[in-house]
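Here is how the chains run, residue by residue.
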Amino acid sequence: MRSSTRPKLWQLYGPRPSDRKTSFSEQGRLQCDVKLATFATRQRGKSFAQSADERNTSATVQAALEAAVQRHTFPKANVDVYCLILESGGADAAIAITAASLAIADAGIEMYDLVSACSVSRVGGQLLLDPTSDESHHEDAAVLMAMMPSVNLVTQLVMTGEWSNSSSKEALELCMGGCAQIDSVVRQCLQQAAVSS
Amino acid sequence: MSELAEAPVGEVVFPGQTLCKLPSSGQLRLGPGLQTQAETVCTIKSGILHKTKTGKLWVEGRQKRYIPAVEESVIGIITQKYGENFDVDIGGPFTATLPVLAFEGATRRNRPNLQVGDLVYARVTAAERDLDPVLACTDAQGKSSGFGQLKEGSLITSNTHYARRLLSRPPCPVLAALEKHLKQYEVAVGLNGKIWVNSPSIARTVIACNAIQRAEFMSSAQTELLVSKLVDVAQS
Numbered sequence: 001m002r003s004s005t006r007p008k009l010w011q012l013y014g015p016r017p018s019d020r021k022t023s024f025s026e027q028g029r030l031q032c033d034v035k036l037a038t039f040a041t042r043q044r045g046k047s048f049a050q051s052a053d054e055r056n057t058s059a060t061v062q063a064a065l066e067a068a069v070q071r072h073t074f075p076k077a078n079v080d081v082y083c084l085i086l087e088s089g090g091a092d093a094a095i096a097i098t099a100a101s102l103a104i105a106d107a108g109i110e111m112y113d114l115v116s117a118c119s120v121s122r123v124g125g126q127l128l129l130d131p132t133s134d135e136s137h138h139e140d141a142a143v144l145m146a147m148m149p150s151v152n153l154v155t156q157l158v159m160t161g162e163w164s165n166s167s168s169k170e171a172l173e174l175c176m177g178g179c180a181q182i183d184s185v186v187r188q189c190l191q192q193a194a195v196s197s
Numbered sequence: 001m002s003e004l005a006e007a008p009v010g011e012v013v014f015p016g017q018t019l020c021k022l023p024s025s026g027q028l029r030l031g032p033g034l035q036t037q038a039e040t041v042c043t044i045k046s047g048i049l050h051k052t053k054t055g056k057l058w059v060e061g062r063q064k065r066y067i068p069a070v071e072e073s074v075i076g077i078i079t080q081k082y083g084e085n086f087d088v089d090i091g092g093p094f095t096a097t098l099p100v101l102a103f104e105g106a107t108r109r110n111r112p113n114l115q116v117g118d119l120v121y122a123r124v125t126a127a128e129r130d131l132d133p134v135l136a137c138t139d140a141q142g143k144s145s146g147f148g149q150l151k152e153g154s155l156i157t158s159n160t161h162y163a164r165r166l167l168s169r170p171p172c173p174v175l176a177a178l179e180k181h182l183k184q185y186e187v188a189v190g191l192n193g194k195i196w197v198n199s200p201s202i203a204r205t206v207i208a209c210n211a212i213q214r215a216e217f218m219s220s221a222q223t224e225l226l227v228s229k230l231v232d233v234a235q236s
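Quick mapping for you: the protein sequence lines, in order, are chains A and B.
Take the working numbering: the last position of the first sequence gets the number 197, and nothing is skipped along the way.
Take the working numbering: the last position of the second sequence gets the number 236, and nothing is skipped along the way.
No wet-lab data here; the hints were simulated from the structure.
If you're wondering where the values come from, they're calculated on a predicted model, not measured in any experiment.
Glycine included, C-beta positions come from ideal geometry on N, C-alpha and C.
Please note that the accuracy of each hint is not assured.
Here are the in silico distance ranges between beta carbons for each label pair [to be verified]:
1) B/Ala203 with A/Glu66: 48 to 58 angstroms
2) B/Gln27 with A/Glu66: 50 to 60 angstroms
3) A/Asp134 with B/Thr157: 37 to 47 angstroms
With the hints as extra help, turn the sequences into a complete structure.
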């Protein structure tokens, strides 16, 4: 999936049986793994292990999607989603969440709704929707929101930095608007994929 | 999402989309991919909305993973051999079980001679959500009627939607074209997306496999052209 200039590679496996070591669970397990390619950032990264940032992003993506996937339809099984970011931009986690929900919907796994995510950065008092990497580098505070637009539910909200009541309200509203726009694009993608086949 | 009086049959639908209100009287049967929420029907899968002749609504997308359902015919690969049953890989979330006695004329003394890696055409007899699916190589009356081991030939893996299309009536263009040009071949289609092709010569098997794989997105005219060209090239 490409978002302007930030391509990502997604792989989805499952539902497949869980490891024998994992205990029995009534609901299926959704596991997300986000990895940055070594050439994704300006400075060459280390490829052999997931850094703390990548583990954080993976946990964020997983939490955002768990609420949307109907996990009771695949008990004892695992759905593994792997993402390889080929070019890192400002809002990696937001794009990762949207792309993951696209991949899960495309694979035919039952979901309550598609998830779209958007992030807002506050740079010098100004709120910037979907920041670039330079803008997010200079931010004072940030909001990441993932929501299911049709049922109007927020699945994940991460706020960093200091937010006053009024500015946080403005930022959240901006995010919701951004999510609605992304959602229509996501639906178009799925429609094109279904129609072209 | 706006609610429509009539469900948009033939349209692409997405998870979370509200389709229509539940009818105040009468029955509305919902198949896979649909759920009721309050007084409305909404989708939980992405794909195209279909309606069967009996009025049942369902959603089908191009998925590779097979979710077992009872009374569906599938092609499986034997992965393990135990005393009382075989473990069969049918491309689903869990490995299926095929009892040793679920073959026509099988008794404790007279077991089927299947090895690990053999292909079987079987029928799903039990498909609970949280248990391993169970298969059988007989029909409901105990006769083999086409089920059993698939010897020789070649296996193609595709998605469940294409497999369903290949099994539909009227026959899929690629199978009709192969019947016309290739003549001597046999094909078994499993609803789990696995297709087995066999014929007296290797060249014919390869032509049939190629044709079936490549014809997925082609129109009938293109399929006809593809098959006749493949047969010509093989004969030259």
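Checklist entry - Which hint numbers does the structure go against, in order from smallest to largest? => result 2
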